[in-house]
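Q: From just these sequences and the hints, can you work out the full model?
Number of protein chains: 2
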Amino acid sequence: MRYGFGVDVGGTTVKLAYFAEDGTLLDKWELPTRTAEGGRAILPDIAASVEAYLQRRSIPRRQIMGIGIGVPGPVRSDGTVNRCINLGWGVFNIEKELSRLTGFPVKAGNDATLAALGECWKGGGQGYDTMVFATLGTGVGGGIVIGGKVLYGTHGAGGEIGHMVINRKERQACGCGNRGCVEQYCSATGIVRLAKEYLENCDTPSLLRNVENLTCKAVFDAAAAGDSPAKEILEQVYAYLGEFLANICNVIDPEAVVLGGGVSKAGIPLLEGVQRHFQKHVFHAVAPVHFALATLGNDAGTYGAFKLIKE
Amino acid sequence: MRYGFGVDVGGTTVKLAYFAEDGTLLDKWELPTRTAEGGRAILPDIAASVEAYLQRRSIPRRQIMGIGIGVPGPVRSDGTVNRCINLGWGVFNIEKELSRLTGFPVKAGNDATLAALGECWKGGGQGYDTMVFATLGTGVGGGIVIGGKVLYGTHGAGGEIGHMVINRKERQACGCGNRGCVEQYCSATGIVRLAKEYLENCDTPSLLRNVENLTCKAVFDAAAAGDSPAKEILEQVYAYLGEFLANICNVIDPEAVVLGGGVSKAGIPLLEGVQRHFQKHVFHAVAPVHFALATLGNDAGTYGAFKLIKE
Chain A
1 MRYGFGVDVG
11 GTTVKLAYFA
21 EDGTLLDKWE
31 LPTRTAEGGR
41 AILPDIAASV
51 EAYLQRRSIP
61 RRQIMGIGIG
71 VPGPVRSDGT
81 VNRCINLGWG
91 VFNIEKELSR
101 LTGFPVKAGN
111 DATLAALGEC
121 WKGGGQGYDT
131 MVFATLGTGV
141 GGGIVIGGKV
151 LYGTHGAGGE
161 IGHMVINRKE
171 RQACGCGNRG
181 CVEQYCSATG
191 IVRLAKEYLE
201 NCDTPSLLRN
211 VENLTCKAVF
221 DAAAAGDSPA
231 KEILEQVYAY
241 LGEFLANICN
251 VIDPEAVVLG
261 GGVSKAGIPL
271 LEGVQRHFQK
281 HVFHAVAPVH
291 FALATLGNDA
301 GTYGAFKLIK
311 E
Chain B
1 MRYGFGVDVG
11 GTTVKLAYFA
21 EDGTLLDKWE
31 LPTRTAEGGR
41 AILPDIAASV
51 EAYLQRRSIP
61 RRQIMGIGIG
71 VPGPVRSDGT
81 VNRCINLGWG
91 VFNIEKELSR
101 LTGFPVKAGN
111 DATLAALGEC
121 WKGGGQGYDT
131 MVFATLGTGV
141 GGGIVIGGKV
151 LYGTHGAGGE
161 IGHMVINRKE
171 RQACGCGNRG
181 CVEQYCSATG
191 IVRLAKEYLE
201 NCDTPSLLRN
211 VENLTCKAVF
221 DAAAAGDSPA
231 KEILEQVYAY
241 LGEFLANICN
251 VIDPEAVVLG
261 GGVSKAGIPL
271 LEGVQRHFQK
281 HVFHAVAPVH
291 FALATLGNDA
301 GTYGAFKLIK
311 E
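Protein chains in written order, with the working numbering: chain A, 1 to 311; chain B, 1 to 311.
Worth flagging that the hints you see were computed from the coordinates, not collected in a lab.
A few of these clues could be false.
Note that identical chains are pooled: a pair holds if it fits in a single copy or bridges any two copies.
[Stated by the list, open to error] Pairs of lysine-lysine, DSS-like flavour, derived with a Cα cap of 27 Å:
| no. | residue 1 | residue 2 |
| --- | --- | --- |
| 1 | LYS196 | LYS217 |
| 2 | LYS169 | LYS196 |
| 3 | LYS96 | LYS231 |
A: Structure (structure tokens):
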């Protein structure tokens, strides 16, 4: 049996995990992400942590297949990172650099794309070969797996589905600078924004009017308790999500759609609501798509990162 | 040098072409598509035509690499045709069937997808590895090439981009049964429909009011002649196309977008108009996409079909 590491670099913490070749997660831990000075300490910190782990556990280096790493930005299939704004990184080949620091083979990818690969391998998309993964969190991200392989895209931005346009009449700008992106409506932040707009524009009584700091969870909870305005707000979100996912599926024709991220904790009501609208818009030949919830939570990225080095 | 055939089955004619291994088109001809009795004569007609061609030209069978064939319906990567309504075909493995009839290896794909592969290999997308192809004709079709390979999709409907939703408020139904599909606005038929609606809803003088049977070409001609209503109609079409193509590119992150089909004869004004709106909507990392016009015309499908058997 051989082993390897999966690493998921976030803006505040780096997640590391030690895997057996068959994908069993044996151990996991975190490091703070040191973004000072253009994030120059991040890769040396990871290398030192891997080295310390091997020494502490007396693991011989020849048992290690390599390190897979996911980063919050575009990564091309040759390992070139194309700017990670959160980390202070510019353009460089992360595979070569981390390999130089550790002596192990390294494969890299975008974090959301690798979470997709992880979910496809061991999570909600297990058993499916071609999968669309959407993470509905603070923002909306995603990744596409086709025939078991990650879609990197020409500029490392394959599966950047959160910035597809869903409402060309939007007046507010998205974080990306465009207007009307999916992220503005279907992220946790977007759902709260829609809820606030809804409540401001009517007088209908609602449980949500008593909530001090309105959260996405509060909207789902109120809807579950039968609150009509909350239900209408979510119906709007489901309509956006259904149309958005139908459009992606009409391009990719996947076996499965997997929903992850904080918003997906809403579970079955979310899946059912989205599928209802999805079926209105999807092309008939593409319609028999399986919908599932992500199951790996915050570990999806390290699973996917490790899967990369197995290929 | 070896040789092979590319076949493109349409609703009224079957196009056949004889290629050298390097992709030189040596000869081409057509047969009528006999759709009677569930289209049972179509494959035997093709087999007989191939056989007659080889005999007439005294070409030894061992020089033939095989036959590639494109059909107007979903085709899975294993060669299963999943209903071709225009041809009367149900579900069967076309690769096995045509191979049995001819004795040659056969590879099959969807016609628009194979036109994409053809344009990527020898046409407007030459030199690009990952390409989105949109055919703007009577309908809107398309195909996706990723890393030089066709995206078949799970149900043989990869790249069915003409039925992406672009206007969820549409009241009229699309041919596919849904509402608000791209095809309803950006096909030749759709452009004429938009033009008629525009002219009915205003009194602005326009060259188009004198045209008896309004065509898509008439709208482009009037716009080129400076007709304001025609220009506004096309601006609407460019806005739809720009948004639609940006959404596809945000999923795929291709090197190039190639536009084909009758509408693409409008040429540079179309390319410029579309790109102007595309840049408003596309995610910044994906933005450096090359736009090009298709160059192979009606031969794109046979080029792509032949390319399939080279793989």
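Q: Indicate, hint by hint, whether the structure satisfies it.
A: Comparing the hints with the structure gives:
1. LYS196 to LYS217: For LYS196 and LYS217, the Cα distance is within 27 Å only inside one copy (14 Å; across copies 47 Å).
2. LYS169 to LYS196: Result: close both inside a copy and across copies, 19 Å intra and 24 Å inter.
3. LYS96 to LYS231: neither (50 Å within a copy, 52 Å between copies)
Hint check: a violation occurs at hint 3 only; the rest are consistent with the structure.
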